[in-house]
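S.K.: Throw the hints in and build the complete structure from the sequences for me.
2 protein chains.
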Amino acid sequence: MRNTDNIIANEKIDARKLRRAKKIITELYDELPNYIARGHGPFLAAIYDADGKQIVRAANSVVSMNCSHNHAEMNAIRDAEELLHTYDLSGHNLSLYVTAEPCIMCLGGIMWSGIRDVYFGVTSGVVESITGFDEGFKPNWLNEFKRRNITVYGNIEPEHGESVLRDYMTQNRIVYKPQRD
Amino acid sequence: MRNTDNIIANEKIDARKLRRAKKIITELYDELPNYIARGHGPFLAAIYDADGKQIVRAANSVVSMNCSHNHAEMNAIRDAEELLHTYDLSGHNLSLYVTAEPCIMCLGGIMWSGIRDVYFGVTSGVVESITGFDEGFKPNWLNEFKRRNITVYGNIEPEHGESVLRDYMTQNRIVYKPQRD
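Going line by line, the protein sequences match chains A and B. Sequential numbering of the first sequence, starting at 0, is according to numbering that gives the first Met the number 0. Sequential numbering of the second sequence, starting at 0, is according to numbering that gives the first Met the number 0.
Careful, some of the hints might be misleading.
Any copy, or any two copies together, can satisfy a pair, since identical chains are not distinguished.
[To be verified] Listed below are the simulated EDC-like cross-link pairs for lysine to aspartate or glutamate, each with C-alpha atoms no more than 16 Å apart in a straight line:
no. : residue 1 : residue 2
1   : Lys176    : Asp87
2   : Lys176    : Asp133
3   : Lys21     : Glu156
4   : Lys145    : Asp133
5   : Lys16     : Asp48
Simulated from the structure, these hints should not be mistaken for lab results. Keep in mind it's a predicted model, so treat the numbers as computed, not measured.
M.R.: Below, the structure written as structure tokens:
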């Protein structure tokens, strides 16, 4: 469903949740250029508890760590599980905030982790058109997440997120994707 | 397409590749109980180069490492990238062999890694029915991989793989999945 903000969601939009998500994702967009300047990829994620306290924050580290799995969401979940000493975060009632729609790998990573709510910035279509990354195939994923009791809100403040991605490309930074020839 | 072995594949079946895959996946099934006995989850993966040399072998370590992302495929890819000092394995022309069909997360992990060929044992339907794991949603993934020039052969020696999974469940080992209530 979409409201006047063009928010995408898999539940009736809760104004308080959306307000908090806009604030957090705006902060992530604002901080992302600092991570990029230090060699990170152009995506930033954070995990918060139900009281609004940040548990972890992590940027994409594919290039800096030489690991193609080190997307921001995967790094944040791994860090949270390490911090909380568990492979199942569901009992901690956590929300993931991320500057862009999760790719197919990260969707799976979220499902396995027990994260309860996902809030994202720019959509995969925007990511792919600006950067050339291949975000994978994930038809109908908002409904698939709803079936699994994972709430999703997306397309949050997208103009801001697009501008960060465009800046990344303008700087001729690495688009870390495998050769497909 | 399927042949008389009920092999699933996204290219015309190459007898030499299939013979090698049967041999390697049988070895993985045979070794998997030893990994399980040491606390690993019931999946084992290996990456081989084009000369048939094994580069890495890794089992699922979700429970032992407290990380929900540590599926066998993810561990093997991470280890290979660390060994070869790259986030893009495509130049190394590598094949992934795994005892079961990759879940949605691992499909994405394979896509991002540059692995060229995937060979798997039991299908996700079998994994889900025996263990109760939720392997995610991945309609038409063999064609999606074909579009990306990733070859897939699956359902290799499934009876053997099923028996290992059934033994895992009989031992009352952990089915490490998040609560969905």
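S.K.: Against this structure, judge whether each hint is valid.
M.R.: Against the structure, the hints:
Taking identical chains as interchangeable, the C-alpha atoms of Lys176 and Asp87 lie at most 16 Å apart only when they sit on different chains, with a minimum of 7 Å there against 30 Å within one chain. Taking the closest pair of Cα atoms, Lys176 and Asp133 come within 16 Å of each other only inside a single copy of the chain (8 Å); across copies the shortest separation is 28 Å, beyond that limit. For the identical chains of this complex, Lys21 and Glu156 are intra-copy neighbours only, at 7 Å inside a copy versus 50 Å across copies, given an alpha-carbon limit of 16 Å. Proximity of Lys145 and Asp133 under a CA criterion of 16 Å is satisfied inter-copy only: 14 Å between copies versus 24 Å inside one chain copy.
Taking CA atoms no more than 16 Å apart as the test, Lys16 paired with Asp48 passes inside one copy only; the shortest distance there is 13 Å, against 49 Å between copies.
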